[in-house]
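Engineer: Read off the chains here:
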Amino acid sequence: MADAQNKDRKVAVKVRHLKEYFNAGKKDEVKAVDDISFDIYEGETLGLVGESGSGKTTTGRSIIRLYDPTSGDIHFNGKNIAKLKKRQLKDFRKNMQMIFQDPYASLDPRMKVKDIIAEGIDVHHLAKDNADRDRQVADLLKKVNLNPGFANRYPSEFSGGQRQRIGIARALAVQPSFIIADEPISALDVSIQAQVVNLLQDIQEEQNLTYLFIAHDLSMVKHISDRIAVLYKGKIVELSTTDEVYNHPLHPYTQSLLSAVPIPDPEAERNHKIKTFDHNHPFKEGEELREVLPGHYLYCDEATAAKYA
Amino acid sequence: MSDKVLEVKDLEVDFSTLNGTVHAIRDVSFDLNKGETLALVGESGSGKSVTVRSVIQLYAKNAKVTNGEITFHGKNLLELSPKEMDKIRGKDISMIFQDPMTSLDPTMTIGKQVAEPLLVHHDTSEKEAMKRAQEVLKLVGIPNAKERMHNYPHQFSGGQRQRIVIAMAIIDNPEILIADEPTTALDVTVQAQIISLLKDLQKKIGTSIIFITHDLGVVAGIADRVAVMYAGKIIEYGTTDEIYYDPKHPYTWGLLDSMPTLGLEGKRLKAIPGTPANLIDPPKGDAFAPRSEYAMKIDERLQPPFFKVTDTHYAATWLLDPKAPKVTPPASIQERYNQYQKLRGENDG
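Read top to bottom, the protein sequences are chains A and B. Just so you know, the first sequence maps onto residues 1 to 309 in this note's numbering. Just so you know, the second sequence maps onto residues 1001 to 1349 in this note's numbering.
These aren't lab readings, by the way, just hints derived from the structure by calculation. Any given hint might turn out to be false.
Derived pair list, reagent style BS3-like, types lysine-lysine, alpha-carbon separation capped at 25 Å [claimed, not checked]:
| # | chain 1 | residue 1 | chain 2 | residue 2 |
| --- | --- | --- | --- | --- |
| 1 | A | K275 | B | K1204 |
| 2 | B | K1112 | B | K1034 |
| 3 | A | K273 | B | K1199 |
| 4 | B | K1034 | B | K1075 |
| 5 | B | K1199 | A | K275 |
| 6 | B | K1204 | A | K273 |
| 7 | A | K26 | A | K14 |
| 8 | A | K275 | B | K1284 |
| 9 | A | K273 | B | K1342 |
| 10 | B | K1138 | A | K273 |
| 11 | B | K1199 | A | K143 |
| 12 | B | K1034 | B | K1004 |
| 13 | B | K1034 | B | K1064 |
| 14 | B | K1127 | B | K1138 |
| 15 | B | K1004 | B | K1199 |
| 16 | A | K275 | A | K307 |
| 17 | A | K275 | B | K1087 |
| 18 | B | K1091 | A | K273 |
| 19 | A | K142 | B | K1087 |
| 20 | B | K1009 | B | K1091 |
| 21 | B | K1087 | B | K1146 |
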């Protein structure tokens, strides 16, 4: 997977043959994530796109070990975390954090903002004393552009965008190197989405964070991601730089998905052609994710790959 | 295109809440022309849903219309009795909601649900109604409509359910179809299908559509005219081209600018600072002024009236007052205008 183009870059997260089957072996088995492999480089944002049910959220939750993977490896900071036992998870979770979609459901309504943010600080004993804890919380609130005076308030006093900032502050509290953001802006209003996306980008630059950005909004993913993986029915069908995926999509599913994105320009919409994709016969024998162009991976068979060589 | 099918005039709606009275709709007026699609665009809380729910009089118990007229076929809908309104709702004016799962009855076959408006509003026989239901299900693209009529909602995908909801809404050939975020819960590819379905149906049955959304991409593809709402008011309206290529209100600029698509892709998005206005105690002047870098002194004191841009385009901003200093819109907005001019030049030549 370490392609020629990126061989000098350090890999932050290495996922190999990850499978997450629900009700495995039973009649109602669901192959939510079905044998996916990819790398996330240090300091980059990898966008994970796909329609509902494609396995995006499951992928994120398996990586951070909210689920136990059915099989496969997840290397993080050089360690395979796929098979860690519950007790051993605490340490790595300090380095890997998650931002959730729903800013209303992801904050405990009965906890004060400062206790929500400091929960990780407490668990990992990162504060010397109470004053240090308060100072860290105040710094975090400032970092996400909230008034430090909000520390003693409850989540219900905040708007959706402000809550999402609190969620981001909580994720940052333990100084992680890698953040999984699962649809972090889809519950927010258009004018607020841009604020949160800008904030995520600023923080990434400041702290050299690595992001896995999960979303179904393809235009926002395009804006924030360095590379993009397209997930379809539990498989990665295409993976490349953002420019490549958007300007030269190779997989018919990617082409269909991108063609369906509405464009905020009436003239463009008048000439807009939507490509269809045969969902009944999506995969063929002998297909796997292959690097068909430098750094451009496509789920295809050998003959198709040979066409690009 | 100038036949008015609906006229909303000076509408004001309040909600009483524990924290005080929320002035959700503050003096909204608009017309809907025959056969057109009018998009109401705005963020949550801007009043777009309350506006259309006032038209069919479906709203929460704590809502109260304090002023206004909604004229449909010479009648003020706000003065009708609940019984009279029942005759119009679902027949002449019908509605599609955001979530197709909650707008269908899980315990009833879809054939019966789709046929229901005919059975309620006419003395159509059940056999006749079911036959018609099968026809519209076919029209909205449900495969094997004859067999699938006997299935229940959970046996369909999200996109198919929305098609079924649409079938139910159009079975009686309504004059007005209100679509409240009908594609927001759907994936993009399904969204594209539903939108092209709505466009086709409009051509076939000539319905006028009020389309509510916060997604400016969707609007560009479906609307003939656009009204932008902010803090319970329409702040700008015009043809779709006028709103996208020559917008005049700073809020419309901000909305168009905060989206990542279209040329000019800088590294940073232009976010609108701050949060939407509090409608319990709405600002005295222009509600958007506290978030606008173009705000002037007068914006704090006085609400701007509508200024005419063209016969079809109006915007409520003091920037259009002849006495206002000349303001240059953001570069991206000027770029939209230039692109449009170029395009028009090409088309003419």
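Engineer: Give a verdict on every hint.
Structural biologist: Results of checking the hints against the structure:
no.	hint	verdict
1	K275/A <-> K1204/B	holds, 24 Å
2	K1112/B <-> K1034/B	violated, 30 Å
3	K273/A <-> K1199/B	holds, 14 Å
4	K1034/B <-> K1075/B	holds, 17 Å
5	K1199/B <-> K275/A	holds, 18 Å
6	K1204/B <-> K273/A	holds, 21 Å
7	K26/A <-> K14/A	violated, 29 Å
8	K275/A <-> K1284/B	violated, 49 Å
9	K273/A <-> K1342/B	holds, 22 Å
10	K1138/B <-> K273/A	holds, 24 Å
11	K1199/B <-> K143/A	violated, 46 Å
12	K1034/B <-> K1004/B	holds, 6 Å
13	K1034/B <-> K1064/B	violated, 29 Å
14	K1127/B <-> K1138/B	holds, 17 Å
15	K1004/B <-> K1199/B	holds, 20 Å
16	K275/A <-> K307/A	holds, 22 Å
17	K275/A <-> K1087/B	violated, 42 Å
18	K1091/B <-> K273/A	violated, 34 Å
19	K142/A <-> K1087/B	violated, 56 Å
20	K1009/B <-> K1091/B	holds, 23 Å
21	K1087/B <-> K1146/B	violated, 29 Å
Hint compliance for this structure: hints 2, 7, 8, 11, 13, 17, 18, 19 and 21 are broken, all remaining hints hold.
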